[in-house]
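Below, each chain spelled out in residue letters.
There are 2 protein chains.
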Amino acid sequence: MADQKKFVEEITSRDVDFAKWYTDIVKKAELIEYSSVKGCMVIRPAGYAIWENIQKNLDARFKATGHQNVYMPMFIPEGLLQKEKDHVEGFAPEVAWVTHGGDQKLAERLCVRPTSETLFCEHYANIIHSYRDLPKLYNQWCSVVRWEKTTRPFLRSLEFLWQEGHTAHATEEDAREETIKMLNVYADFCEEALAIPVIKGQKTEKEKFAGAVETYTIESLMHDGKALQSGTTHYFGDGFARAFGIRYSDKDNNLQYVHQTSWGVSTRLIGAIIMVHGDDSGLVLPPVIAPVQVVVIPVAMHKEGVLEKARIVASRLDGLRTVLDDSDNSPGWKFSEHEMKGVPLRIEIGPKDIEKNQAVLVRRDTREKIFVSLENIETEASRLLDKIQSDMLSRAKEMLLSHIYDVADFEELCRQSSEKAGFFRAMWCGDGRCEEKIKEEAGLSSRCIPFEQKQISDKCICCGAPAKKMVYWGKAY
Amino acid sequence: MADQKKFVEEITSRDVDFAKWYTDIVKKAELIEYSSVKGCMVIRPAGYAIWENIQKNLDARFKATGHQNVYMPMFIPEGLLQKEKDHVEGFAPEVAWVTHGGDQKLAERLCVRPTSETLFCEHYANIIHSYRDLPKLYNQWCSVVRWEKTTRPFLRSLEFLWQEGHTAHATEEDAREETIKMLNVYADFCEEALAIPVIKGQKTEKEKFAGAVETYTIESLMHDGKALQSGTTHYFGDGFARAFGIRYSDKDNNLQYVHQTSWGVSTRLIGAIIMVHGDDSGLVLPPVIAPVQVVVIPVAMHKEGVLEKARIVASRLDGLRTVLDDSDNSPGWKFSEHEMKGVPLRIEIGPKDIEKNQAVLVRRDTREKIFVSLENIETEASRLLDKIQSDMLSRAKEMLLSHIYDVADFEELCRQSSEKAGFFRAMWCGDGRCEEKIKEEAGLSSRCIPFEQKQISDKCICCGAPAKKMVYWGKAY
Numbered sequence: 001m002a003d004q005k006k007f008v009e010e011i012t013s014r015d016v017d018f019a020k021w022y023t024d025i026v027k028k029a030e031l032i033e034y035s036s037v038k039g040c041m042v043i044r045p046a047g048y049a050i051w052e053n054i055q056k057n058l059d060a061r062f063k064a065t066g067h068q069n070v071y072m073p074m075f076i077p078e079g080l081l082q083k084e085k086d087h088v089e090g091f092a093p094e095v096a097w098v099t100h101g102g103d104q105k106l107a108e109r110l111c112v113r114p115t116s117e118t119l120f121c122e123h124y125a126n127i128i129h130s131y132r133d134l135p136k137l138y139n140q141w142c143s144v145v146r147w148e149k150t151t152r153p154f155l156r157s158l159e160f161l162w163q164e165g166h167t168a169h170a171t172e173e174d175a176r177e178e179t180i181k182m183l184n185v186y187a188d189f190c191e192e193a194l195a196i197p198v199i200k201g202q203k204t205e206k207e208k209f210a211g212a213v214e215t216y217t218i219e220s221l222m223h224d225g226k227a228l229q230s231g232t233t234h235y236f237g238d239g240f241a242r243a244f245g246i247r248y249s250d251k252d253n254n255l256q257y258v259h260q261t262s263w264g265v266s267t268r269l270i271g272a273i274i275m276v277h278g279d280d281s282g283l284v285l286p287p288v289i290a291p292v293q294v295v296v297i298p299v300a301m302h303k304e305g306v307l308e309k310a311r312i313v314a315s316r317l318d319g320l321r322t323v324l325d326d327s328d329n330s331p332g333w334k335f336s337e338h339e340m341k342g343v344p345l346r347i348e349i350g351p352k353d354i355e356k357n358q359a360v361l362v363r364r365d366t367r368e369k370i371f372v373s374l375e376n377i378e379t380e381a382s383r384l385l386d387k388i389q390s391d392m393l394s395r396a397k398e399m400l401l402s403h404i405y406d407v408a409d410f411e412e413l414c415r416q417s418s419e420k421a422g423f424f425r426a427m428w429c430g431d432g433r434c435e436e437k438i439k440e441e442a443g444l445s446s447r448c449i450p451f452e453q454k455q456i457s458d459k460c461i462c463c464g465a466p467a468k469k470m471v472y473w474g475k476a477y
Numbered sequence: 001m002a003d004q005k006k007f008v009e010e011i012t013s014r015d016v017d018f019a020k021w022y023t024d025i026v027k028k029a030e031l032i033e034y035s036s037v038k039g040c041m042v043i044r045p046a047g048y049a050i051w052e053n054i055q056k057n058l059d060a061r062f063k064a065t066g067h068q069n070v071y072m073p074m075f076i077p078e079g080l081l082q083k084e085k086d087h088v089e090g091f092a093p094e095v096a097w098v099t100h101g102g103d104q105k106l107a108e109r110l111c112v113r114p115t116s117e118t119l120f121c122e123h124y125a126n127i128i129h130s131y132r133d134l135p136k137l138y139n140q141w142c143s144v145v146r147w148e149k150t151t152r153p154f155l156r157s158l159e160f161l162w163q164e165g166h167t168a169h170a171t172e173e174d175a176r177e178e179t180i181k182m183l184n185v186y187a188d189f190c191e192e193a194l195a196i197p198v199i200k201g202q203k204t205e206k207e208k209f210a211g212a213v214e215t216y217t218i219e220s221l222m223h224d225g226k227a228l229q230s231g232t233t234h235y236f237g238d239g240f241a242r243a244f245g246i247r248y249s250d251k252d253n254n255l256q257y258v259h260q261t262s263w264g265v266s267t268r269l270i271g272a273i274i275m276v277h278g279d280d281s282g283l284v285l286p287p288v289i290a291p292v293q294v295v296v297i298p299v300a301m302h303k304e305g306v307l308e309k310a311r312i313v314a315s316r317l318d319g320l321r322t323v324l325d326d327s328d329n330s331p332g333w334k335f336s337e338h339e340m341k342g343v344p345l346r347i348e349i350g351p352k353d354i355e356k357n358q359a360v361l362v363r364r365d366t367r368e369k370i371f372v373s374l375e376n377i378e379t380e381a382s383r384l385l386d387k388i389q390s391d392m393l394s395r396a397k398e399m400l401l402s403h404i405y406d407v408a409d410f411e412e413l414c415r416q417s418s419e420k421a422g423f424f425r426a427m428w429c430g431d432g433r434c435e436e437k438i439k440e441e442a443g444l445s446s447r448c449i450p451f452e453q454k455q456i457s458d459k460c461i462c463c464g465a466p467a468k469k470m471v472y473w474g475k476a477y
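Top to bottom, those sequences are chains A and B.
The numbering of the first sequence is the numbering used here, which starts it at 1 and goes up by one.
The numbering of the second sequence is the numbering used here, which starts it at 1 and goes up by one.
For the record, the hints were derived by calculation from the structure and aren't laboratory data.
Fair warning: there could be bad hints in the mix.
Cut-off 20 Å, straight-line C-alpha distance, at most; resulting in silico cross-link-like pairs (DMTMM-like, lysine to aspartate or glutamate) [said to hold, decoys possible]:
(1) A:Lys56 / B:Glu52
(2) A:Lys105 / B:Glu148
(3) B:Lys105 / A:Glu148
(4) A:Lys475 / A:Glu375
(5) A:Lys56 / B:Glu148
(6) B:Lys38 / A:Glu108
(7) A:Lys28 / B:Asp133
(8) B:Lys63 / A:Glu108
(9) B:Lys63 / A:Asp318
(10) B:Lys28 / A:Asp133
Residues of chain B placed beyond 10 Å of chain A at every Cβ, according to the derived structure [as the list claims (entries may be wrong)]:
(11) Glu10
(12) Arg44
(13) Val88
(14) Asn184
(15) Arg316
(16) Asp318
(17) Phe335
(18) Glu355
(19) Thr366
(20) Ser390
(21) Lys420
(22) Gly432
(23) Ile449
Note that the structure is predicted; figures quoted are calculated from it, not measured.
For each residue, glycine too, the CB sits at the ideal point set by N, CA and C.
Use the sequences and the hints to build the structure in full.
Spelled out as structure tokens, the structure:
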């Protein structure tokens with residue numbers, strides 16, 4: 001019991017040491033455990049159940065937009081990885097190489113996929129022949145490996161779980177439409193399921209994906225004011241198609257190259273949930289993806305009728321993801337534990353409540369207590385979960401909006417970025433050297449060229465040349 | 001069009017060349033495509049959708065029996081793999097070794113998991129402390145790699161998808177109960193979802209899993225009379241617990257080793273579905289796991305009102321997994337294509353049917369045509385799918401029962417096994433040398449020591465010593 005008490009108390013305050021707070025949460029909420037494999041994590045039941053809900057929700061959105069799931073091999077022969085020049089340059093330095101199968105040295109090294117463009121391209125070259133075969137709208141759920149030097153749970157690890165969409169289209173127009181459509185699917189998912197608002201835009205040349213013509217991104221803002229790239233979609237043009245020979249006969253029987261896209265989100269989104277919504281008592285999960293939405297806790301469980309009543313209440317809520325905590329820990333300990341784990345709604349029920357035919361509903365996000373008649377418990381619990389979900393989004397939006405700063409002067413940008421964190425909006429001439437200088441002197445990387453532009457001034461904040469675009473700059477994970 | 005026609009015709013007859021027929025099906029039903037990665041396959045949408053339905057159905061059974069999903073790293077450091085002696089001897093010869101991360105040679109080689117006992121054990125040693133932490137009932141869905149020399153789609157490949165359950169219990173009794181419980185979950189799943197009857201039993205010492213005290217298996221019979229090991233569960237005793245130091249304090253505060261199990265099924269089950277139910281026209285999918293349960297095909301689609309009516313029928317069946325094929329291929333071609341893909345029920349609707357307010361329902365399994373009034377189409381389609389599912393199981397059971405042969409004499413066993421395929425039931429003394437001899441001279445391996453025993457004689461069929469058990473022998477994939 002003493003051990004257990006300690007368990008829920010040992011968490012660093014969010015505003016004292018954000019990085020430590022984050023690590024505390026992933027451990028104490030039992031999302032992750034370290035393993036002896038450097039940079040690789042064990043995703044524990046509480047963490048994996050969040051990922052399962054993310055998968056279920058996103059997968060339904062993918063299928064509703066006509067996509068199909070497939071599974072490609074996890075290995076890529078070295079020769080295949082090298083087929084597209086920019087792509088191999090981007091990824092070869094950070095892949096894991098398999099050199100032996102059993103006792104045998106392999107004739108050709110295999111890398112463990114860091115991403116699967118090359119495998120999809122090889123497959124598409126085999127199965128696409130006619131315009132009738134297009135579009136191909138494929139997705140796969142899998143794990144990928146990137147040999148990162150510094151790792152952090154969910155945010156950056158040697159191996160991570162993700163989905164990667166890979167599509168092939170007859171025309172540039174169709175492929176471009178797909179690239180934007182999937183960015184919107186991601187953005188809607190983040191807002192509607194994760195209660196995380198995002199900035200949608202395009203990556204600069206410097207920040208785009210290895211092999212892409214254009215990369216689009218959704219950027220979200222963490223509680224510490226840093227940005228998190230939360231999902232990306234890529235328009236490839238016909239570059240991969242030319243490298244891999246992916247052609248189809250059009251209606252006039254002419255051979256044409258396909259136009260391609262790819263797009264992905266990963267378990268990094270769990271990191272975003274933690275850092276956007278979490279507080280000093282632990283995780284705060286948005287009801288839509290919370291593995292447990294409601295926990296029912298009997299108070300004075302030893303008193304006659306209490307546990308029985310709690311069971312009835314829990315079973316009446318089985319349309320929601322409800323658990324009854326009838327363990328022999330104290331109610332106070334249970335309150336803390338389920339707060340740590342981010343359960344959106346707690347229902348307390350004790351002898352006095354039973355007398356009054358009521359229960360106490362406690363919101364995880366605001367800690368508000370609401371006394372509800374047992375008659376209306378299903379309706380009230382559902383209503384509150386909806387309310388929690390929308391309030392979480394509203395607060396995250398407020399947080400985002402209050403951390404966007406428009407700056408027109410370079411000195412001012414350097415000064416502000418040293419004083420506060422958030423998104424700095426400033427004009428840019430489009431030159432990579434200015435981007436580089438802003439990185440070096442203001443410590444800010446370009447997050448995206450947002451779809452929603454605003455004319456802050458008409459000159460590049462760095463060189464003073466005519467500005468082409470307004471850009472979001474920030475410090476990022 | 002000519003190409004497409006050819007597509008559905010090109011399939012070897014099942015009784016002419018079963019192996020070729022199998023390969024034809026996996027290609028023509030578009031389940032699999034080969035890749036340039038030796039021994040690895042691309043699982044295409046039609047194949048992956050079957051796996052998704054298997055996952056969904058099995059996962060619900062796992063959760064209903066109290067299991068939780070987790071995700072372990074895909075890499076196992078060489079030192080960790082070596083911790084349990086029998087286990088490493090069994091698996092080390094067939095693992096893929098990662099020796100380099102990017103340009104750096106690794107200090108310790110990592111193998112790509114062939115199975116994850118060692119990772120789960122390391123994790124359990126970290127998180128299990130008290131009797132309160134038990135049982136741990138974990139499962140993971142992932143891919144594993146075994147460096148096989150000869151590979152066949154779904155049946156044996158270098159990489160395959162599977163689930164692996166790993167559990168830790170306070171007592172031997174609990175662990176033993178889990179081992180049998182999960183074998184029953186597998187057997188029920190095969191019967192109820194895949195319409196495949198199985199023989200349940202224990203593996204011999206020779207055939208058991210590397211590191212297990214006992215291995216249990218479900219064995220099914222393919223159309224060619226060969227057996228397929230379709231799922232296994234393992235009782236580990238405290239062997240792994242001792243090797244990895246997984247101990248807990250019991251209620252009296254004494255340190256005890258846990259008792260463990262593991263269990264798994266894989267995409268191999270898709271191979272079983274093909275080989276149990278398929279015919280010369282292609283795949284025959286059991287309705288419970290068929291990605292498409294009903295295909296609606298308009299006949300004389302150009303005639304007024306036909307396509308419209310077909311759309312109405314299809315939309316009325318949206319409680320089932322229904323698709324409307326309104327492509328511009330001929331009805332005949334569509335019939336063949338959806339037969340090839342194994343769609344359990346076809347609904348044809350043409351001008352004459354519309355006149356009579358009816359549709360033609362065609363069963364994939366029996367090809368029976370049933371004329372159904374449009375009034376009752378939902379009820380009839382559902383009823384027929386249920387009937388198809390149960391008839392498929394009945395036929396598979398008949399097939400199994402008619403291929404079980406009781407033999408009491410060794411010469412007779414050799415003669416019969418050279419003439420016909422199936423399960424041969426014969427008595428065994430328990431000596432591995434007899435098992436070896438039966439393998440060498442009759443070409444039969446021990447499939448299992450079935451739970452349902454029958455006294456065929458009182459002597460070992462091989463050496464004549466007193467028999468201990470009746471054993472199923474067979475040729476196996």
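Against the structure, the hints:
Between Lys56 (chain A) and Glu52 (chain B) the CA atoms are separated by roughly 12 Å; this keeps the pair inside 20 Å, and the hint holds. Of the supplied pair hints, the one linking Lys105 (chain A) and Glu148 (chain B) holds, its CA atoms being roughly 14 Å apart against a limit of 20 Å. Of the supplied pair hints, the one linking Lys105 (chain B) and Glu148 (chain A) holds, its CA atoms being roughly 14 Å apart against a limit of 20 Å. Of the pairs offered as hints, the one joining Lys475 (chain A) and Glu375 (chain A) is violated, with about 50 Å between alpha carbons and a cut-off of 20 Å exceeded.
Of the supplied pair hints, the one linking Lys56 (chain A) and Glu148 (chain B) is violated, its CA atoms being roughly 33 Å apart against a limit of 20 Å. Annotation: proposed proximity of Lys38 (chain B) to Glu108 (chain A) holds, straight-line Cα distance about 11 Å (limit 20 Å). About 15 Å separates the Cα atoms of Lys28 (chain A) and Asp133 (chain B), which keeps this hinted pair within 20 Å; it holds. For the hint pairing Lys63 (chain B) with Glu108 (chain A), the CA-to-CA distance comes to about 42 Å; that exceeds 20 Å, so the pair is violated.
A distance of roughly 15 Å separates the Cα atoms of Lys63 (chain B) and Asp318 (chain A); the hinted pair therefore holds under the 20 Å criterion. Restraint check for Lys28 (chain B) and Asp133 (chain A): satisfied, since their Cα atoms lie roughly 15 Å apart, inside the 20 Å limit. The claim that Glu10 (chain B) lies off the interface holds: its Cβ sits roughly 16 Å from the closest Cβ of chain A, which is beyond the 10 Å cut-off. Arg44 (chain B), annotated as away from the interface, has a beta carbon of chain A within 10 Å; the closest lies near 6 Å.
Interface exclusion of Val88 (chain B) from chain A stands, the closest Cβ pair being 13 Å apart, more than 10 Å. Every CB of chain A lies more than 10 Å from the CB of Asn184 (chain B), the least distance being 23 Å, so the non-interface label holds. For Arg316 (chain B), the requirement that its beta carbon stay farther than 10 Å from each beta carbon of chain A is met, with the minimum near 20 Å. No Cβ of chain A comes within 10 Å of the Cβ of Asp318 (chain B); the nearest lies about 14 Å off, and the non-interface call holds.
Every CB of chain A is more than 10 Å from the CB of Phe335 (chain B) (nearest about 19 Å), matching its label as outside the interface. No Cβ of chain A comes within 10 Å of the Cβ of Glu355 (chain B); the nearest lies about 33 Å off, and the non-interface call holds. No beta-carbon of chain A comes within 10 Å of the beta-carbon of Thr366 (chain B); the shortest separation is about 30 Å. Every CB of chain A lies more than 10 Å from the CB of Ser390 (chain B), the least distance being 29 Å, so the non-interface label holds.
Listed as outside the interface, Lys420 (chain B) is consistent with that label: its C-beta sits roughly 36 Å from the nearest C-beta of chain A, beyond the 10 Å cut-off. No Cβ of chain A comes within 10 Å of the Cβ of Gly432 (chain B); the nearest lies about 25 Å off, and the non-interface call holds. Listed as outside the interface, Ile449 (chain B) is consistent with that label: its C-beta sits roughly 31 Å from the nearest C-beta of chain A, beyond the 10 Å cut-off.
Checked against the numbered hints listed earlier, the structure breaks hints 4, 5, 8 and 12; every other hint is satisfied.
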